[in-house]
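Quick note, the sequences are listed as chains U and R, same order.
Just so you know, the first sequence maps onto residues 1 to 133 in our numbering.
Just so you know, the second sequence maps onto residues 1 to 286 in our numbering.
The hints are simulated quantities; they were obtained by calculation from the structure and are not laboratory data.
Computed from a prediction, not measured in an experiment: that's the story for all the values here.
Check the hints yourself; a few may be wrong.
Stated by the list, open to error - Pairwise CB distance ranges (calculated): (1) U:Arg21 - R:Asn58: 27 to 35 Å; (2) R:Gly109 - U:Gln24: 57 to 65 Å; (3) R:Gln242 - U:Asn91: 29 to 37 Å; (4) U:Ser25 - R:Glu235: 55 to 63 Å; (5) R:Asn100 - U:Ser25: 27 to 35 Å; (6) U:Ser25 - R:Leu198: 52 to 60 Å.
Glycine residues also receive a C-beta, built at the ideal position from the N, C-alpha and C atoms.
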Amino acid sequence: MHELAICQALINQLETIASERNAQSISLIVVGIGPLSGVEAQLLKNAYPIASAGTVADNAEIVIQQLPVKVKCNECGCESDAKPNKLICKNCGNWRTSLVSGDELLLLSVELEKSDTEYSGPDTGNLTNTGLH
Amino acid sequence: MCDTCGCNITHGNENFIKPGGKLHKTESGKEAVTVLHNLLDENDHTAMHNREHFDQHNVLAINLMSSPGAGKTALLEATIQQLDKNLRIAVIEGDLETENDAERIRKHGVKAIQISTGSACHLDAHMIHQALHNLDLAEFDIIFIENVGNLVCPASFDLGQHLNVTLLSVPEGDDKPAKYPVMFRASDFVLISKSDLLPILDDFKPERARKYLQDIASTAPILELSSKNKSGMKEWFEWINQQIKNRKDYLKEHPLSTHSHTHSHNHGNNHGHTHQHTHDHLHKHV
Numbered sequence: 001m002h003e004l005a006i007c008q009a010l011i012n013q014l015e016t017i018a019s020e021r022n023a024q025s026i027s028l029i030v031v032g033i034g035p036l037s038g039v040e041a042q043l044l045k046n047a048y049p050i051a052s053a054g055t056v057a058d059n060a061e062i063v064i065q066q067l068p069v070k071v072k073c074n075e076c077g078c079e080s081d082a083k084p085n086k087l088i089c090k091n092c093g094n095w096r097t098s099l100v101s102g103d104e105l106l107l108l109s110v111e112l113e114k115s116d117t118e119y120s121g122p123d124t125g126n127l128t129n130t131g132l133h
Numbered sequence: 001m002c003d004t005c006g007c008n009i010t011h012g013n014e015n016f017i018k019p020g021g022k023l024h025k026t027e028s029g030k031e032a033v034t035v036l037h038n039l040l041d042e043n044d045h046t047a048m049h050n051r052e053h054f055d056q057h058n059v060l061a062i063n064l065m066s067s068p069g070a071g072k073t074a075l076l077e078a079t080i081q082q083l084d085k086n087l088r089i090a091v092i093e094g095d096l097e098t099e100n101d102a103e104r105i106r107k108h109g110v111k112a113i114q115i116s117t118g119s120a121c122h123l124d125a126h127m128i129h130q131a132l133h134n135l136d137l138a139e140f141d142i143i144f145i146e147n148v149g150n151l152v153c154p155a156s157f158d159l160g161q162h163l164n165v166t167l168l169s170v171p172e173g174d175d176k177p178a179k180y181p182v183m184f185r186a187s188d189f190v191l192i193s194k195s196d197l198l199p200i201l202d203d204f205k206p207e208r209a210r211k212y213l214q215d216i217a218s219t220a221p222i223l224e225l226s227s228k229n230k231s232g233m234k235e236w237f238e239w240i241n242q243q244i245k246n247r248k249d250y251l252k253e254h255p256l257s258t259h260s261h262t263h264s265h266n267h268g269n270n271h272g273h274t275h276q277h278t279h280d281h282l283h284k285h286v
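One chain only, chain R, in its complex shape (with noise of 0.2 Å):
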């Protein structure tokens, strides 16, 4: 949502937020004043800056969310082993202490920057835009984002990727998507991680987690997958193939206007509106 063009008022809410009633008299000495801003309007700033970024470099950003030990980090170590060798990949690991997760990223030769977020339970557009700075985006294809293990807090703030995968571990549960509806409804893809857990934990139905995400409208794609014997990794790299190409295409339609100051985005997840934004500072490009 933006502020320049009342996007933000749809006829469904209108009648709850438009102007009007008593909150809106005022007495002597005081002034009402109508809003209607985004409270998170400065992160989704940051964030379409930091994907126009990507853009400018060809880059394809992936943000990876789940609960803590759903297995990003084995999922990346699988991805960078097998990926096509030809696409060049490095990491941002978010996490609020240690280095543990970039570490093991690097001992396989990948480039990894670790965001130590403190007690933070999240990353920001921010936080991003600071770890951009350590890395030349111009030797890169992808840069996967390793958010935070957390299913409720990193959904509600835009980094600038272009996609949300959803890691949803068998151990977990088949009824996460009814649970944490903010954060698949967000989602890109959802990745049914750890499947060769499945015949052992065989109260996991696949087909049960896929009906709670149809409940919650999500029209994302399900896979079942495991890094441990890599079944579902051929059709998770046809999907990364995929996507680049479809960015490639959309950007081949939709040029960056560079070093312009008006511009379009849209946002990365797909089911957001592209609209006209126009900005008056100036900003480098690292």
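Just chain U, with the same shape it has in the complex (with noise of 0.2 Å):
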């Protein structure tokens, strides 16, 4: 049960992120999950109120997005969805592949409140890419 581990390091990058943007609260939070990662989606959910007690991100709705398995063939180039423990290319059967997708473990994005005074509107970029630089 390392979820409540991995619960616990996303309350801290939650913090940061309200404190940047100066937020009262967070409202939302949007996870994107692969299962080679190692961590459950339900477990994730399970531990998020405990983690998020008493924090910036108490009460927020959490919303993982399971992504899918997906691996490339190392011979034919062929690209196809996988199972966890079938990683194999479903075009020629070979085995050696490299996985393109399935293993994130991601915050995607959160919906922060402010307070109207802070608050620039929504016609003034209000979609701001920090991950990407």
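Make one complex out of these two single chains by using the hints.
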């Protein structure tokens, strides 16, 4: 049950984001999880209220997007869906493949609650990408 | 994965995670922020620092993982007894409770640091960082980290090791790689331990374990090994010596920029990537 530890890491990130942007609270959190990350979505959801109690992210809705397992064949180059314990190429059956999706453990986005005086309005660019530079 | 270069997004997952859709529409008084941070970013950052500490002292760090009772401590004892005496070993032991394993190692005259994790089911990079404060890395060539016995949680946490070695003991059954794909996918070397039991527990087929490892696209070599009758130990030592050489060669080609604040790193599991990383805080090397 390492989901609680991961949830605490999530809360640390949320507190940093809220503080940087002067948010009063966080209302929505979207997390992306691939089955090969080793994290169970439901356990993470269960751990969230415990980890977030008394923090800026208390009472936030947590949405988990389950990401698919996909592999690319090192031989034929074909991309196919796969199961976590069957990462073979569906086209040629080769087992030498590379994972292109399925091991993610990402905080994708958050929705912050801000007071009206600090809020800049939805028409002035309310979607900021802090992850990519 | 990192947060600086966008490598979290691949063409395989971009349709699922890129911004857009109803989740990003906001009401008055709300702000939507796209983040795309790895949840274990803080752990991975510390792990990278641990790996730098190891590299600065030419120390190879090997993370041993398995179920409880697969023979990690017994393997370490046999390794200490037989490995080239010119190689200086230290061990970091992770257990929920007790100093038992560290005491077993210390009886062989080897330095052992015990980490008691309490209720935590895995070691993380911060615990290893703390343990490194009690080790003078200049005195050692290899650090073995014996992780908490658990085939699930330890796989998700990079500790700063160079290599993951996973033990699959014969009594456990040969289908463990199919049941615990995350753990075995992270393995650089798989040891079929307690191989002296193969004639008795003949429903364990090493070739079947190999097949299950191929199913998860693992290219890790497999070795049947017994700490009891010492079969396979020679090959285990050859592998260790080869890894020490590989790491030295790697560091010759990619020298560390000591005390610089920009450096590149590669992940310990050999299936990551290399990227530039910048940080702006000071840290003390112990």
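To see whether the hints hold, each was checked on the structure:
At roughly 44 Å, the beta carbons of U:Arg21 and R:Asn58 sit outside the given window of 27 to 35 Å. R:Gly109 and U:Gln24 have their C-beta atoms about 59 Å apart, which keeps the hinted 57 to 65 Å range intact. In this structure the hint that R:Gln242 and U:Asn91 lie 29 to 37 Å apart at CB holds, the actual value being about 35 Å. Look at U:Ser25 against R:Glu235: about 58 Å separates their beta carbons, and that is inside 55 to 63 Å.
Distance hint check: the CB atoms of R:Asn100 and U:Ser25 are about 46 Å apart, inconsistent with the given range 27 to 35 Å. Taken as a hint, the range 52 to 60 Å holds for the pair U:Ser25 and R:Leu198, whose Cβ atoms sit roughly 59 Å apart.
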